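Knowing the structure of chain A, use the given hints to seat chain X on it.
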Amino acid sequence: MPTALQPVKAKHKREEELRDAFWKEVEHIPSGEKIKNCIQCGTCTGTCPVSAWMDITPRQTVALFRAGMIEEILHSRTIWICASCYSCRVRCPSGIYVTDMLYALKRLAMDKGIFPRNYPIHALSESFIANVYKYGRNFELGLGIKYLLATSPAKMISSAGFGLAMMRRGRMSVKPTKIRKVGDVRAIIDRAKQLEGR
Amino acid sequence: MEFAYYPGCSLEYTGKPYDQSVREVFKALGVGLREIEDWNCCGATMYMSQNETVALSVCARNLALAQAMGNCDICAPCSSCYTILRKTNRQIAWNPHTRSKISEALAAAKLTYDTPVGVRHPLDILVNSVGIETIVKKAKFLFDGLKVAPYYGCQIVRPVEDFDDMDDPTTMDRLLSALGADVVPYPDKVRCCGGMLMTTYEDVALDLNNGLLTSARENGAEVIATVCPLCHMNLEGYQAKINAKHHTNHHTPIVYFTQLVGLALGLDSRKLGMDTLLVKLTNPRLKTQAVEVAA
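For the protein sequence lines, the chains are A and X, in the order given.
Residue numbering for the first sequence follows our numbering, beginning at 5 and increasing consecutively.
Residue numbering for the second sequence follows our numbering, beginning at 13 and increasing consecutively.
Okay, chain X solo, but in the shape it has when bound:
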């Protein structure tokens, strides 16, 4: 099993722990990850509000580069990249007029995109292709009831139901429970973090994230697991501002789900980027699988 890896701009810096943990976990599970050489920004939601043809064509360059790598799907960990790459594929399939414009734009760089390349999220790959059983078998440790709120955000479950339910997704719940975590009920799991609103209308985004953090804590979570660098940044980076605005005292570690999987697999926590989190998860409460079996 091998994938064309599209990390996206956020994973280069702000979302670095995500990048590190995806690479480490895939390596440990024997899943190939070949980075798309010289990939460019997917344009996120920014180009879409300016010019649709440009938005889709910029995105299609990455799809064309992946197509040239041979027969493998793309692995896109950032929800925003994931959505826009898939949207480009859908538009190309749906609208012949759009398709011809994109082809013409790509031709300006001597690129062609004629064989659709699948786009998948690492959560989908780990659970539906590698399989929970395989991961548990390879795990060196299990969590000893660490209370986790699974946060899916918007764009991997909407607008199209790709691999999980859009109101109550359970892929991450099942994965983390199998690894011994106590996945708490989290009714806000698909409620929006505000995305770029944290920059443009900060007041709105602070309120949204206060809601997400409060709901997690009220449900007993010690940590929130995320699947997207933007959700992660909004939840992690603004707790001080939220506390100042709402007179709360949030101090919740926010981790990427791949970091938790990596810890269970026994990977070095520094290589998983655990030391670069703003709020550290000081005690993930791991116990060895052997103890579990003996007990």
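Bound conformation, chain A alone:
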């Protein structure tokens, strides 16, 4: 386990626990330990098309991490606003896989149940995954409806026109496509979950 980024004294037990869990996730990122090489130049933030909408910029994320404030990162909108366009990753002069680091933080947040307020992605992600488990494929209309019901039912009305326009053009289906061997997909998912230990 890399130690250079351990703060002098972890703030409290929870921080230590989060830190250990994060490093475990980072093991899966090719040269994940490069995060130690961050020079705080801000190229990631400058190249990020959505940093203007983040409460903590990608550069600050690394700074906070070093300062031993993972929980603050998990409570921010930042990791959920990232659209994984990979601009930061290809431009980082220290070769840090910033996008994959944010994915690792997302998984950590999901696993520990730490989310920012008014947090929509969890709902989307959950419905998406439920669809794949049920049908083997995504079901766009079902996903949209489930998501809106969970987050902002009022938006169903403003989105209905779009849905109908797409339906008229044969570009939206009212029923899901179920693959033949959906049992295989479920078996793979179940086994993979066991292997990951969650």
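Worth flagging that the hints you see were computed from the coordinates, not collected in a lab.
The reader is advised that the hints may include incorrect statements.
What the hints assert, rightly or not - Taking lysine to aspartate or glutamate and the EDC-like style, the derived pairs with C-alpha atoms no more than 16 angstroms apart in a straight line are: (1) A:K182 / X:E49; (2) A:K185 / X:D50; (3) A:K159 / X:D215; (4) A:K197 / X:E116; (5) X:K122 / A:D194; (6) A:K179 / X:E24; (7) A:K182 / X:E116; (8) A:K28 / A:D115; (9) A:K185 / X:E49; (10) A:K138 / X:D50; (11) X:K122 / X:D50; (12) X:K122 / A:D188; (13) A:K182 / X:D50.
Predicted, not measured: the structure shown is a model, and the values here were computed from it.
Below, chain X without anything else, positioned relative to chain A:
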């Protein structure tokens, strides 16, 4: 030349015109496309933020099915599928620990994946395997200077430079110019459309797409050509909302690059899904190649 076709969930419905035009164009050019039987969702970015082993294993099922089809690469038109399928291949090659977990998960469905299957995007296939010259030779029409903004988005050029430059890709520019289109300078060609943000943080995505549409128009584009169903949907489906928010009047047709290639090849525009676009490209300004030669 034959490919294992992985359309992905979006191409079944919202991205149907993409599916139609890819199939038609490949057929017209004599490139085989065999759909992977009973393929499943690639998981996109969703599983990756929940559980990495599941994300990669779900994806690997498709790779295993393609491997069983014999010696051919996968053709994946959706940028999201393309990226995650390639990422799975890279993780399997890079990390023996991940590889063994994926193999074990696949074994639960009696599948094996031991011979890496290449994953390619139709843009790469058309330009680098079929070749621009061949396509132009087979074209019945050329565009008469239709002004096109080529939009590549994120995930076919990043994170790994596969077949084109990540800052200024030109594959689509070259293809469409050769077919007579006037490809306008488009500095936003690899800037993100926001992807799923249109659902989760709509405000952010509306601003991003307003930027993309505005930049295309300011550079004189009449139409934007895309390579991904999600980019296409964000740019095409939300123009009314963008107009309401930003007091703009965007009404720009967004087409798949394969639709433009199909029109040049003289294929039926209905079969290319041109009639199901939300903003129609009313006049693609085609002229026959013969006229061009005579002139």
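Against the structure shown, which of the earlier numbered hints fail to hold, in ascending order?
Hint 7 contradicted; others consistent.
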